[in-house]
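Chemist: From first to last, the protein sequence lines are chains A and B.
So my numbering is basically just the index in the first sequence, starting at one, shifted up by 67.
So my numbering is basically just the index in the second sequence, starting at one, shifted up by 595.
Hints are not guaranteed to be accurate.
To be verified - Derived pair list, reagent style DSBU-like, types lysine-lysine, alpha-carbon separation capped at 30 angstroms:
1. 602(B) x 262(A)
2. 744(B) x 262(A)
3. 317(A) x 732(B)
Because the hints were derived from the structure by calculation, they are not lab data.
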Amino acid sequence: MVRNVAIVGVGHSKFGVRHDVSFPELAWESVSQALDDAGLEQKDIEYFIVSNAGGWSSEPLPAVVVGEYCGLTPKGTARVEAACASGSSAIKLAHDIIASGQADIVLALGIEKMNESPTPTVVEFIGRAGNYFWEFQNFGLTFPGYYALYATAYMHKYGATEEDLCRVAVKNHYYGSYNPKAQFPKKITLEECMKSRYVAWPLKLLDSSPITDGSAAAILASEDVARKLTDTPVWIRAIGHASDTSNLSKRDNFLSLRAAVEAAHMAYRKAGVDPSNPIKYFDVAEVHDCFTIAEILAYEDLGFAKRGEGVNLIREEQTYVGGPIQVNLSGGLKAKGHPIAATGVGMAVELTKQLRQEVEKERQAVIERGWALSHNIGGTGHYAYVNIYSLDKPRG
Amino acid sequence: MGQKSQKEAMEEALKQFEQFVESIKQATGLPIVPDQKTGAALWVDQRELRLKYTISVEKIKPFYDGLMDGKLMATKCSKCGTIYFPPQSFCPTCRKSEMQWMELSREGELLTFTVINIKPASFAHYDDYIVGIARLKEGINVTAWVREKDPKRLKVGMRVRIEVVKRQPEGYLTYEIVPVND
Ligand SMILES: [Zn+2]
Numbered sequence: 068m069v070r071n072v073a074i075v076g077v078g079h080s081k082f083g084v085r086h087d088v089s090f091p092e093l094a095w096e097s098v099s100q101a102l103d104d105a106g107l108e109q110k111d112i113e114y115f116i117v118s119n120a121g122g123w124s125s126e127p128l129p130a131v132v133v134g135e136y137c138g139l140t141p142k143g144t145a146r147v148e149a150a151c152a153s154g155s156s157a158i159k160l161a162h163d164i165i166a167s168g169q170a171d172i173v174l175a176l177g178i179e180k181m182n183e184s185p186t187p188t189v190v191e192f193i194g195r196a197g198n199y200f201w202e203f204q205n206f207g208l209t210f211p212g213y214y215a216l217y218a219t220a221y222m223h224k225y226g227a228t229e230e231d232l233c234r235v236a237v238k239n240h241y242y243g244s245y246n247p248k249a250q251f252p253k254k255i256t257l258e259e260c261m262k263s264r265y266v267a268w269p270l271k272l273l274d275s276s277p278i279t280d281g282s283a284a285a286i287l288a289s290e291d292v293a294r295k296l297t298d299t300p301v302w303i304r305a306i307g308h309a310s311d312t313s314n315l316s317k318r319d320n321f322l323s324l325r326a327a328v329e330a331a332h333m334a335y336r337k338a339g340v341d342p343s344n345p346i347k348y349f350d351v352a353e354v355h356d357c358f359t360i361a362e363i364l365a366y367e368d369l370g371f372a373k374r375g376e377g378v379n380l381i382r383e384e385q386t387y388v389g390g391p392i393q394v395n396l397s398g399g400l401k402a403k404g405h406p407i408a409a410t411g412v413g414m415a416v417e418l419t420k421q422l423r424q425e426v427e428k429e430r431q432a433v434i435e436r437g438w439a440l441s442h443n444i445g446g447t448g449h450y451a452y453v454n455i456y457s458l459d460k461p462r463g
Numbered sequence: 596m597g598q599k600s601q602k603e604a605m606e607e608a609l610k611q612f613e614q615f616v617e618s619i620k621q622a623t624g625l626p627i628v629p630d631q632k633t634g635a636a637l638w639v640d641q642r643e644l645r646l647k648y649t650i651s652v653e654k655i656k657p658f659y660d661g662l663m664d665g666k667l668m669a670t671k672c673s674k675c676g677t678i679y680f681p682p683q684s685f686c687p688t689c690r691k692s693e694m695q696w697m698e699l700s701r702e703g704e705l706l707t708f709t710v711i712n713i714k715p716a717s718f719a720h721y722d723d724y725i726v727g728i729a730r731l732k733e734g735i736n737v738t739a740w741v742r743e744k745d746p747k748r749l750k751v752g753m754r755v756r757i758e759v760v761k762r763q764p765e766g767y768l769t770y771e772i773v774p775v776n777d
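With the rest of the complex left out, here is chain B:
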């Protein structure tokens, strides 16, 4: 993808555009600029909305306690035995909340994977990353990043394990799929 990271390229393009808008606004008194391709008149929003949510994890706190101990936790319905990952605090089948917490084996096989080459804005600061889905011994699937840069070194069906890792640069605990080379 060249020397410039996607984030640098994005920020540079945005800065140039904003300078362009500012110069036109100063000259005309209006934030109306011509579209670069067609020349159509575009009003550039003078308001900005930033979205950052707060999401309740109160009922699944043991999952995060597990990450702190390097474990991947799921819930299991005491009544019907269904394992939930992502963990759920209610079983929709039994309509009960009699759930037990259980540690997952963290061993399984890779079902599929992709490389995210064009990244969303909030992931633009990362290098290209591989996302995979692994099926654990318990029969549940886990979506996560795969610790590998080259998709050609991965194979559908290969053995993998799950490891708890600290995601940088944000510095928070999450989990990753790690190929097992045997």
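The shape of chain A in the complex, shown without the other chains:
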């Protein structure tokens, strides 16, 4: 028997350079909000999962450091890693523990404190995330470098331009400017983006998500418990997941993230979404725009646009508020920030608040269907999670 699972409480720290708090203090910001939001105490949490990529931060056992500081001991815990999709892996495991009947209330926390190390060290750590021995050791790739390989191939094949990529940044900064939790709550112009320096040609600084400290927490509960706790549970309708080769050279092409396509198909199949026209099911989506090219690939990998036509969605401003599919109204990774392992949980928090219509009015999606989608990619398409959330209950 598989049980329905809902998000019943969420918390989200301010994202940014958080030199004002320590690692566990940063965790507490979102854990305390999530407990308050759910109306629960620490003793009610039966298990907690901490997603943290780490390396750049000083604590090698983040789960127990967080557990002690937040008063969650002696509950069982584990730290999980799926690179930039770690947060979604935490949501999946929390969901599965509850769906399978092993617990009724589980907390998923994503946390990253990247600024405990200097920038070149952080660039090194993310660059090593792929295949260290065959890609990094000799060729020193970086995170923007990997996505730039996709950008070069995509631009060549479909005639997209650097301006097109910058249009994604302009949109996401526009909505980020209304999100007080965002690292860069400010608008940018197309010209500013185009003038920013290259970090990995053809990708520029303003095509890129920043180095971010942040945490996000979601409390998940079984249907019986969720009904008692809240009038607006946000149901986890489906979770699609996939992985791809560590070496980019093992991929067929650099026009699409295979794992994202697989994960989307799995999620659509589980939720009964017609993969030929998924847009009609959803009001709002958070997609993994670690670089501007990644949002355009996401449009196509999710089936929001045909191959080569993702770029038209941003040219025609179809992913703004009021458009057929409203994307990254949080500011996305681009402007809200990308604290690696907190990002996936941050997406769950954002979509919960969007569906409850609790976000700042300038960036509130029009909610008509009550369905939302998150697309969270780890590494360069190494891990993919596509989650579908709904206001209406899945089954039973």
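The hints should help you fit chain B with the ligand onto chain A, whose structure is shown.
Modeler: Same frame as chain A, but now just chain B with the ligand:
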């Protein structure tokens, strides 16, 4: 990127920061400094961890013997015929280790490329470098540096070959993608 290399700039910034920490530590007895932007109190780590791994290549030694002869070697499964590059000593499809070593043609086309402008700490001593992925005649892809400084002179689909080179200043054998101008 100006006159200063990324490595020089990095080392200079680090040295200045360490001198700043040292002066504060001498005055207060604590390695706590204000963040340059916000003034938040930061404890500066008094321990340092250096990481340098040793990685087994015992089962793929013929690959390195090949580099010494200027060749790029891959493995091929005797059972299903799959070619592995990077070379693997086991075939996960057949769950067998009946692999043959074969020399790759070193000829192919450029699939994609980028310039690494902002470099990782351990690559900061190099000038900006181009990384590409080439597809060889055998249908396998190779990631490597491209022997070219200007990305505008490269084109997706252009003919390339692979050459074994000695990477300097470290002085070890590796391989490179070389554009073929025809
Ligand atoms: Zn085989």
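Chemist: Can you confirm whether the C-alpha distance between residue 744(B) and residue 262(A) stays at or below 30 angstroms?
Modeler: holds (21 angstroms)
Chemist: If you draw a straight line from the CA of residue 602(B) to the CA of residue 262(A), is it 30 angstroms or shorter?
Modeler: holds (24 angstroms)
Chemist: Is it true that the CA of residue 317(A) sits at most 30 angstroms from the CA of residue 732(B)?
Modeler: Distance of about 15 angstroms is within 30 angstroms: holds.
When each numbered hint is compared with the structure, no violation occurs for any of them.
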